[in-house]
Amino acid sequence: DTEVTQTPKHLVMGMTNKKSLKCEQHMGHRAMYWYKQKAKKPPELMFVYSYEKLSINESVPSRFSPECPNSSLLNLHLHALQPEDSALYLCASSQLTGGEKLFFGSGTQLSVL
Amino acid sequence: AQKVTQAQTEISVVEKEDVTLDCVYETRDTTYYLFWYKQPPSGELVFLIRRNSFDEQNEISGRYSWNFQKSTSSFNFTITASQVVDSAVYFCALRIDFGNEKLTFGTGTRLTIIP
Chain D
3 DTEVTQTPKH LVMGMTNKKS LKCEQHMGHR AMYWYKQKAK KPPELMFVYS YEKLSINESV
63 PSRFSPECPN SSLLNLHLHA LQPEDSALYL CASSQLTGGE KLFFGSGTQL SVL
Chain S
322 AQKVTQAQTE ISVVEKEDVT LDCVYETRDT TYYLFWYKQP PSGELVFLIR RNSFDEQNEI
382 SGRYSWNFQK STSSFNFTIT ASQVVDSAVY FCALRIDFGN EKLTFGTGTR LTIIP
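Chains as they are written, first to last, in my numbering: chain D, 3 to 115; chain S, 322 to 436.
Isolated chain S (complex conformation):
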């Protein structure tokens, strides 16, 4: 069975500070995919990134960066120079390859950026 843990329930930071959201996952499968989704107050889950289990390269997209470490089963997400528009609930999720379409979500981290 798969499991995703987001230990940080809520985080508040002042605007322009950097913030890291933690994600730890568990799976016995060797081929899997990790995701981050953002859920603003409007409710829609917005896709941010997908990484497969064979690609441990870190990725940067603007102010967002992701650190994937298989050795610690972690896929952490950092927002640099945070902005008020970053306020949302962020979900880390795991999906194994083939034969199982289920996306397993973590419990989410509510991020509040204080102006």
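Just chain D, same shape as in the assembly:
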């Protein structure tokens, strides 16, 4: 099983809502990632978890709160988002060695109204 599964596929939320994005992998990978991708742009790294601990936070606003409950799951909690946060949010996983490829999910297309 070489899949990274993300739910939901689409999400529309208001600026006062609280929602969560979920990501799951069963490849035994110990590194998991959140990327944000705006239309016609490359993915931008938001967070990296290594062995379920946050190892990289790319200066992401606190309205985005990641959580790694176990080695297979990664969540991204959203609160008080802005319309400019509308984007495709991609989850990925990899083995921990530096050169390993990332496996990506199909993403959650988020619209903030």
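Hint data in this document are derived by calculation from the structure and do not stem from the laboratory.
Nothing here was measured: the structure is a model prediction, and the numbers come from that model.
All clues stand as given, with none of them false.
If we take Cβ atoms under 7 Å as the criterion, some of the chain D residues that face chain S in the derived model are: (1) 44; (2) 45; (3) 47; (4) 90; (5) 104; (6) 108; (7) 109.
Over the 12 Å line for every Cβ pair with chain S, so calculated as not near, a few chain D residues: (8) 17; (9) 24; (10) 70; (11) 74; (12) 77; (13) 79; (14) 81; (15) 84; (16) 85.
Here a beta-carbon is modelled for each residue, glycine too, at the ideal position from N, C-alpha and C.
Starting from the known structure of chain D, arrange chain S on it as the hints suggest.
Then chain S, alone, in the frame of chain D:
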């Protein structure tokens, strides 16, 4: 700091033509990895290839081939006899070894294959 440049923003070719996507990278590290990913309209980034900095052998996989040249810091991707299913955005990416899990992407090339 690492940087990846994909100068071709959009390319359109007629089906069955060959097409080459260019990628130029910058890094001070001697050990690094280069990747190509395909992003079809469905959104998922699909891994195509990984090469490490010590292996300059070109690689062929079916209709796909890659030309890695350290002398020019380039890692170009050629699709032979293109098909409509090849239409996608293609990203070149760079990752250095150890201590940094960040994958640096180029800006992508949107490839359209015209039937």
